[in-house]
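With chain A fixed as given, assemble chain B onto it according to the hints.
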Amino acid sequence: MTEPETYRPTEALIARLTAEVRPVRRSWSPSARFLGWLALELVVLIAALAGLGFRPGLAHDLGGVLGPEVALLLGLGLVNALLALLAAVPGREPSPALAAASVLGLLGLAVVYAFGPAIAQSGHQLGDGWPCAVRTIAVAALPWLALLVVVRRGATLVPARAGLLAAIAAFFVSAAALRLVCPLDAREHLLVWHMGPVALGLVASLVIGGRWLARWRAG
Amino acid sequence: MTSRRQELTDDAKDRRARWMEQVQAGDQGAYRALLEDVSAALRAFLRRRIRDQQDVEDVVQEILLTVHRARHTYDPTRPFEPWLMAIARHAAVDAFRRDRRRGRWESLAADDTPVEGSSEDRAGELSVSTALADLPDNQREALEMVKLEGLSVEEAAARSGVSPGALRVRIHRGYRALRARLLGDRE
Chain A
1 MTEPETYRPT
11 EALIARLTAE
21 VRPVRRSWSP
31 SARFLGWLAL
41 ELVVLIAALA
51 GLGFRPGLAH
61 DLGGVLGPEV
71 ALLLGLGLVN
81 ALLALLAAVP
91 GREPSPALAA
101 ASVLGLLGLA
111 VVYAFGPAIA
121 QSGHQLGDGW
131 PCAVRTIAVA
141 ALPWLALLVV
151 VRRGATLVPA
161 RAGLLAAIAA
171 FFVSAAALRL
181 VCPLDAREHL
191 LVWHMGPVAL
201 GLVASLVIGG
211 RWLARWRAG
Chain B
220 MTSRRQELTD
230 DAKDRRARWM
240 EQVQAGDQGA
250 YRALLEDVSA
260 ALRAFLRRRI
270 RDQQDVEDVV
280 QEILLTVHRA
290 RHTYDPTRPF
300 EPWLMAIARH
310 AAVDAFRRDR
320 RRGRWESLAA
330 DDTPVEGSSE
340 DRAGELSVST
350 ALADLPDNQR
360 EALEMVKLEG
370 LSVEEAAARS
380 GVSPGALRVR
390 IHRGYRALRA
400 RLLGDRE
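Residue numbers (our numbering), protein chains in the order written: chain A, 1 to 219; chain B, 220 to 406.
Simulated from the structure, these hints should not be mistaken for lab results.
The structure presented is a predicted model; accordingly, all values stated were derived computationally and were not measured.
We put the CB at the ideal spot given by N, CA and C, even for glycine.
Take the hints with a grain of salt, since some may be wrong.
Unchecked claim - Simulated restraints on C-beta separations:
1) A:GLU20 x B:VAL381: 13 to 21 Å
2) B:ARG288 x A:SER31: 20 to 28 Å
3) A:ARG215 x B:ASP230: 18 to 26 Å
4) A:VAL24 x B:PRO298: 14 to 22 Å
5) B:ALA399 x A:VAL65: 32 to 40 Å
6) B:PRO298 x A:LEU98: 19 to 27 Å
7) A:GLY127 x B:PRO298: 51 to 59 Å
8) A:VAL24 x B:PRO301: 13 to 21 Å
9) B:ALA231 x A:GLY64: 57 to 65 Å
10) A:VAL203 x B:GLY248: 42 to 50 Å
11) B:ALA259 x A:ARG211: 29 to 37 Å
Stated by the list, open to error - One side only, chain A facing chain B, incomplete, derived with CB under 7 Å:
12) PRO9
13) THR10
14) ILE14
15) LEU17
16) PRO23
17) VAL24
18) ARG26
19) SER27
20) LEU49
21) ALA50
22) LEU52
23) PRO90
24) ALA155
25) LEU157
26) TRP216
Unchecked claim - Some chain B residues flagged as far from chain A (calculated, every beta-carbon gap over 12 Å):
27) ALA231
28) ARG266
29) ARG268
30) ALA305
31) PHE315
32) ALA352
33) GLN358
34) GLU360
In isolation and in its complexed conformation, chain A is listed as follows (with noise of 0.2 Å):
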């Protein structure tokens, strides 16, 4: 007895997706696709810089906290924009805990503002310092949103994580630069001026990620 002809999807399947398939221009690997990136950043800074100019006394600064405080800023932002390059590769996602653990360094960043020696600037009041906020969102806006357009190009299997990760990058380094022109280091308004929003803008980004970096597996 001859088994009765069944339709079988998967072999359907795979002769629709064949009779589909057309040359396809091949990704720019994570690290290309970095360099490029960090062209576009540094154009960025070099721009922003120039335009708002830097705080008196800054090479005085660097050499106390101001220093390592830009240096880790910027480490945790560049390292970052490689992961969520990474992340849109299948098989090459970075684990959650390397997210985690610079959502933790902003975090102690935080702590370390809050708690640390309180720096008394006169003349200044919190509602003044309002420029920073905007300053920093627009410094990195450009690098945040080409990290997503080209996190999105790809096919990230985590999109929420690499939408962190992009933000983590260009705001991490947005806050640096934002170090190196505002003149103030009251605790009240690196923490209400300049951390706030890096917050906003992760947890932005964490949910524009989870909707529109995951797009792309529905055709």
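Okay, now just chain B, sitting in the frame of chain A:
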């Protein structure tokens, strides 16, 4: 000593990587060979994780679609298996999560008794069969074929003239609508 988990010879791994490189250049023969080859390996991988044979086949199809959409990201200088298995693992996890959610809808739909409430409330509540009758035709038919007649998703899809994916969407929406009808007024 060769690991028992090592299921592929180096030769097979090289062959798949080579096929994938040809696929990126648009080679249909290499694509068919690759998809057929990995389908068998994926079934073996998924059967250790998913009990239902039908679900295994659904996830294999999902993985093949994902491979198709992500094929531009494969780097031929790197091994093929980690790329493929990352996709497979995520598809399996997604299927597990979906199944867990679906399990809740199924147990709800299978219970044909009115939902709990006071005796006065019960009189006004909808039974599952009434709620089912209120669903849009395509969702009701999809649920009836799969849950009452016991057809597989593929059989039901073939009978309805839609893809299995589209049918699954109808079933899912049907469950959601049922839930809204049965519990919505009480929440």
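Hint by hint, here is what the structure shows:
1. A:GLU20 x B:VAL381: 13 to 21 Å: 19 Å, holds
2. B:ARG288 x A:SER31: 20 to 28 Å: 23 Å, holds
3. A:ARG215 x B:ASP230: 18 to 26 Å: Violated: the Cβ-Cβ distance is about 37 Å, outside 18 to 26 Å.
4. A:VAL24 x B:PRO298: 14 to 22 Å: 20 Å, holds
5. B:ALA399 x A:VAL65: 32 to 40 Å: 57 Å, violated
6. B:PRO298 x A:LEU98: 19 to 27 Å: Holds - the Cβ-Cβ distance for PRO298 (chain B) and LEU98 (chain A), about 22 Å, lies within 19 to 27 Å.
7. A:GLY127 x B:PRO298: 51 to 59 Å: 57 Å, holds
8. A:VAL24 x B:PRO301: 13 to 21 Å: 20 Å Cβ-Cβ, so the 13 to 21 Å window holds.
9. B:ALA231 x A:GLY64: 57 to 65 Å: 59 Å, holds
10. A:VAL203 x B:GLY248: 42 to 50 Å: 48 Å, holds
11. B:ALA259 x A:ARG211: 29 to 37 Å: 35 Å, holds
12. PRO9: Where the cut-off is 7 Å and the nearest Cβ of chain B is about 5 Å from PRO9 (chain A), the hint holds.
13. THR10: With a closest approach of 6 Å, the THR10 (chain A) hint holds.
14. ILE14: 5 Å, holds
15. LEU17: 5 Å, holds
16. PRO23: The hint holds - PRO23 (chain A) has a Cβ within 7 Å of chain B, the shortest such distance being about 4 Å.
17. VAL24: 4 Å, holds
18. ARG26: 6 Å, holds
19. SER27: 5 Å, holds
20. LEU49: Result: violated, 35 Å to nearest chain B Cβ.
21. ALA50: 37 Å, violated
22. LEU52: 38 Å, violated
23. PRO90: 4 Å, holds
24. ALA155: 3 Å, holds
25. LEU157: 4 Å, holds
26. TRP216: 6 Å, holds
27. ALA231: Non-interface label stands for ALA231 (chain B): nearest chain A Cβ at 18 Å, farther than 12 Å.
28. ARG266: Per Cβ check, ARG266 (chain B) is outside 12 Å of chain A; nearest 14 Å; holds.
29. ARG268: 17 Å, holds
30. ALA305: Violated, since 4 Å does not exceed 12 Å.
31. PHE315: Given that every Cβ of chain A is farther than 12 Å from that of PHE315 (chain B), nearest at about 15 Å, it holds.
32. ALA352: Its Cβ never comes within 12 Å of chain A, the nearest being 29 Å, so this holds.
33. GLN358: 20 Å, holds
34. GLU360: With a cut-off of 12 Å, GLU360 (chain B) remains clear of chain A, as the shortest Cβ separation is near 18 Å.
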